[in-house]
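Per our numbering, residue 1 is the first one in the sequence shown, and the count goes up by one each step.
In case anyone wonders, no lab produced these hints; they're calculated from the structure.
Since the structure is predicted, the reported quantities are computational estimates derived from the model, not experimental observations.
Note that beta-carbon positions come from the ideal geometry of N, C-alpha and C, so glycine has one too.
Any given hint could turn out to be false.
Said to hold, decoys possible - List of simulated lysine-lysine pairs, PhoX-like, C-alpha gap at most 25 Å:
| # | residue 1 | residue 2 |
| --- | --- | --- |
| 1 | K580 | K222 |
| 2 | K539 | K529 |
| 3 | K90 | K80 |
| 4 | K83 | K94 |
| 5 | K529 | K380 |
| 6 | K459 | K434 |
| 7 | K222 | K256 |
| 8 | K298 | K434 |
| 9 | K222 | K377 |
| 10 | K526 | K459 |
| 11 | K222 | K459 |
| 12 | K471 | K459 |
| 13 | K337 | K580 |
| 14 | K298 | K256 |
| 15 | K80 | K91 |
| 16 | K434 | K529 |
| 17 | K173 | K256 |
| 18 | K222 | K337 |
| 19 | K337 | K94 |
| 20 | K539 | K526 |
| 21 | K94 | K80 |
| 22 | K92 | K80 |
| 23 | K298 | K337 |
| 24 | K222 | K173 |
| 25 | K380 | K337 |
What the hints assert, rightly or not - Label-pair restraints from in silico Cβ distances:
| # | residue 1 | residue 2 | range |
| --- | --- | --- | --- |
| 26 | D290 | T261 | 26 to 36 Å |
| 27 | K471 | G299 | 48 to 58 Å |
| 28 | R294 | K526 | 53 to 63 Å |
| 29 | E575 | L548 | 16 to 26 Å |
| 30 | R535 | G364 | 46 to 56 Å |
| 31 | P219 | A455 | 47 to 57 Å |
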Amino acid sequence: MLHSNHPKQSRFLPPFVIFPLFTLLTLVLLYAAGYFIGLSRYHSLTRDEHALDADGRDSRCVSQQEMLRNTHKVAAGTLKRLKEDRDELKKKLKLLEEGKGRTGEPAASCGGKDATSNNGEGASVNDGGGNMTGSAAVSLQRAANLIDSLTHQTESWLKKAADTTPSLAACNKSPRRYSVVFDAGSTGSRVHVYRYNLTSNPYDNIDSAPNGAHASLLPYLKLEDELFIENHEPLSGFSDPRGAAASLVPLLDAAKAHVPTDMHACVGIELKATAGLRRIGTEQAGRVLDAVRREFQKGPFWVHSELGSVRILEGREEGPLAWLTVNFLIGSLSGTKETATILDLGGGSTQVVMRPNDPEVLEGHEEFTDTFAINGKSVKLYQHSYEGNGLNAAREQLLASVATSVATGGTTTAAKSGPLRAFPCFPQGYAHEKSGVSNGVGGGGVTPSMEECVALFRKHVVRSGGECSSKSCGFNGVFQPDVRTAVSGPVYAFSFYHDLLMPHMTAGTAVIRLQDIIGIASQVCKSMKSVEQLRRENKGKVSVHPSLRPELECLHLSYVVALLRDGFHYPLDQELHIAKKIDGYETAWTLGASLVSLEEHCV
Numbered sequence: 001m002l003h004s005n006h007p008k009q010s011r012f013l014p015p016f017v018i019f020p021l022f023t024l025l026t027l028v029l030l031y032a033a034g035y036f037i038g039l040s041r042y043h044s045l046t047r048d049e050h051a052l053d054a055d056g057r058d059s060r061c062v063s064q065q066e067m068l069r070n071t072h073k074v075a076a077g078t079l080k081r082l083k084e085d086r087d088e089l090k091k092k093l094k095l096l097e098e099g100k101g102r103t104g105e106p107a108a109s110c111g112g113k114d115a116t117s118n119n120g121e122g123a124s125v126n127d128g129g130g131n132m133t134g135s136a137a138v139s140l141q142r143a144a145n146l147i148d149s150l151t152h153q154t155e156s157w158l159k160k161a162a163d164t165t166p167s168l169a170a171c172n173k174s175p176r177r178y179s180v181v182f183d184a185g186s187t188g189s190r191v192h193v194y195r196y197n198l199t200s201n202p203y204d205n206i207d208s209a210p211n212g213a214h215a216s217l218l219p220y221l222k223l224e225d226e227l228f229i230e231n232h233e234p235l236s237g238f239s240d241p242r243g244a245a246a247s248l249v250p251l252l253d254a255a256k257a258h259v260p261t262d263m264h265a266c267v268g269i270e271l272k273a274t275a276g277l278r279r280i281g282t283e284q285a286g287r288v289l290d291a292v293r294r295e296f297q298k299g300p301f302w303v304h305s306e307l308g309s310v311r312i313l314e315g316r317e318e319g320p321l322a323w324l325t326v327n328f329l330i331g332s333l334s335g336t337k338e339t340a341t342i343l344d345l346g347g348g349s350t351q352v353v354m355r356p357n358d359p360e361v362l363e364g365h366e367e368f369t370d371t372f373a374i375n376g377k378s379v380k381l382y383q384h385s386y387e388g389n390g391l392n393a394a395r396e397q398l399l400a401s402v403a404t405s406v407a408t409g410g411t412t413t414a415a416k417s418g419p420l421r422a423f424p425c426f427p428q429g430y431a432h433e434k435s436g437v438s439n440g441v442g443g444g445g446v447t448p449s450m451e452e453c454v455a456l457f458r459k460h461v462v463r464s465g466g467e468c469s470s471k472s473c474g475f476n477g478v479f480q481p482d483v484r485t486a487v488s489g490p491v492y493a494f495s496f497y498h499d500l501l502m503p504h505m506t507a508g509t510a511v512i513r514l515q516d517i518i519g520i521a522s523q524v525c526k527s528m529k530s531v532e533q534l535r536r537e538n539k540g541k542v543s544v545h546p547s548l549r550p551e552l553e554c555l556h557l558s559y560v561v562a563l564l565r566d567g568f569h570y571p572l573d574q575e576l577h578i579a580k581k582i583d584g585y586e587t588a589w590t591l592g593a594s595l596v597s598l599e600e601h602c603v
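Can you build the whole structure from these sequences, using the hints too?
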């Protein structure tokens, strides 16, 4: 039948369009991959290695610059090829529309020949030829449109690169360095904008440096200024991820205003989320972080790595980064001074980080080891985060354990009613609603006592002296080098250590011995007024942090004693530097994260 001789109209692009199009798409994808890799950092923070690698830094920066140059070269070549093929396809399309086909012969004459030789069948074939011509025209038009779209996309990428990719050479020549770090916590978000000055620029002679030379910034960085702004809207409190990201915009705007406009493209931006986002689940947290990435990618700052720059900070990372912060601020990273041990008491966890004099004490304990490569030297740290042993978590753990133990008849005290009704950590007349633990509510209470309260913490929370599978342990059977012999530098304690102890320390002092802390705790407990008196005295005063309420002071100071003396095993004459700030800068992990980013990237 005549109908059966008609060629079917293909819904696919013809081969002469597919093959060049496939090649072009491959080139574009290669360029895109190279472009984004070139803008990304090579190594994100790992669990055990922070990349303050001075020896490898120069070669990494050179590699990044070379990759950016190569990908721009590929992009320019791709754009040229796209334009050439687009123009060629448009010419072919024009020929088809004029009825000349691929050979340039008029379609009518071709149809006429077929009509003469096929005795009337030529009309049908001519119809088929018309269909083929129409099909090719449609295919060519689609291909032309697609290539036109790819051309515009490639031009857009090139423009974006020109507009937002920092000139590494120009940034490296600047004596100023800025870093923007967001801390997304459980009570709100905070932005830190750090400004550094380079006392000497290691990049001045980078082109003439011999092989193996490095361009580490750390020895030359001097912190000059910090912008700190916070809100009280935790990202975890938003059901809509876009709303969560929008809550950061005022902080981001403040950062933009603080950094000179001509430095925007040189400045890296990152956000690390802590406990709040960990609690809402991986799926929801991922959506929130994706929304934040999209907000940051609007510019003007540089997102070094999509996944590495915006992520949840692991609990074990906070301590080492805080260690880096403190030791940078006290100037002990040059190798001429002993490094400090840091103790960080948060609400949910407590961290201890130290650099043992002999790294061999960490052999076989990789899970407790963190490594920095600082100024070309490997620095091994002991680190551990005691989850559930922060101030608030330890308090709730103690109260729940006491309530359970009394209910099963497992605990007694000198008071006949036992610790459930005569709890020695509370002022008389105070009751903890959730656990039912109280002191003297309805009579039968006891005078608060630090030693009795510490004894309860030792029994239920800070359990030491038990099973230890290592040569030395902290508490709860956790490996820890002996602080009396393994380290010799100063000890810095901050967060709740500072908040609880500073009101009792002599004005102008920041150093206190453990035996003096014990004296403070003992005096606070035994002189504690009844809860009615405390509330009358504090009526009308500005409310304080829930963890710093006066009725909890004896309990919290007793925990500090239990932690330092019986948990970490510090001697009574151990001096502790109680710090919230050093030289005016917060002792927070964010500064350490900023230093890592500056060392890790070329700008």
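**OP:** Kindly indicate which numbered hints from before are broken by the structure, ordering the numbers from low to high.
**Re:** 5, 8, 11, 19, 23
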